[in-house]
Amino acid sequence: MLRRFALLSFFLLLAACNDRLSQENYARLKPGMTRPEVEQLLGKPTECSGAFGFSSCTWGDQQKFISIQYGGDKVLLFSGQGLR
85 MLRRFALLSF
95 FLLLAACNDR
105 LSQENYARLK
115 PGMTRPEVEQ
125 LLGKPTECSG
135 AFGFSSCTWG
145 DQQKFISIQY
155 GGDKVLLFSG
165 QGLR
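Position one of the sequence shown corresponds to residue 85 (my numbering), numbered consecutively onward.
Just to be clear, a hint being listed does not mean it is correct.
[Unchecked claim] Heads up, simulated EDC-like pairs for lysine to aspartate or glutamate below, C-alpha to C-alpha not over 16 Å straight-line:
# : residue 1 : residue 2
1 : K114      : D157
2 : K128      : D157
3 : K158      : E108
4 : K148      : E108
5 : K158      : E121
6 : K128      : D145
7 : K114      : D145
8 : K158      : D103
9 : K148      : E121
[Claimed, not checked] Now the in silico label distances, taken between C-beta atoms and shown as ranges:
#  : residue 1 : residue 2 : range
10 : F136      : Q107      : 25 to 35 Å
11 : Q124      : G155      : 29 to 39 Å
12 : G137      : K114      : 16 to 26 Å
13 : D103      : S163      : 11 to 21 Å
14 : G156      : E131      : 13 to 23 Å
15 : G137      : R168      : 27 to 37 Å
16 : D145      : L125      : 26 to 36 Å
By construction, these hints were calculated from the structure, which means they are not laboratory data.
Being a predicted model, the structure only gives us computed values, none of them experimental.
Note that beta-carbon positions come from the ideal geometry of N, C-alpha and C, so glycine has one too.
Hey, can you work out the whole structure from these sequences and the hints?
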């Protein structure tokens, strides 16, 4: 039982260290970045929507997120909340 707990703790710690929704990654975002560049940094978005050449994608949930607005395939604006 102790071994299972230790193994589970290790994987949870590893997952926390690999969290892409961080202040460090947010600081790397720049206007003009392409969608593939953003997805290389943050992974696939949780959700996207858009029309007429503009789209908005969000990574995360209501407590911790990064939201990016694209014009065509380029970052126009971005915001974040709950990042560490």
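* **Hints the structure fails to honour** => Hints 3, 7, 8, 9, 11 and 16 not satisfied by this model.
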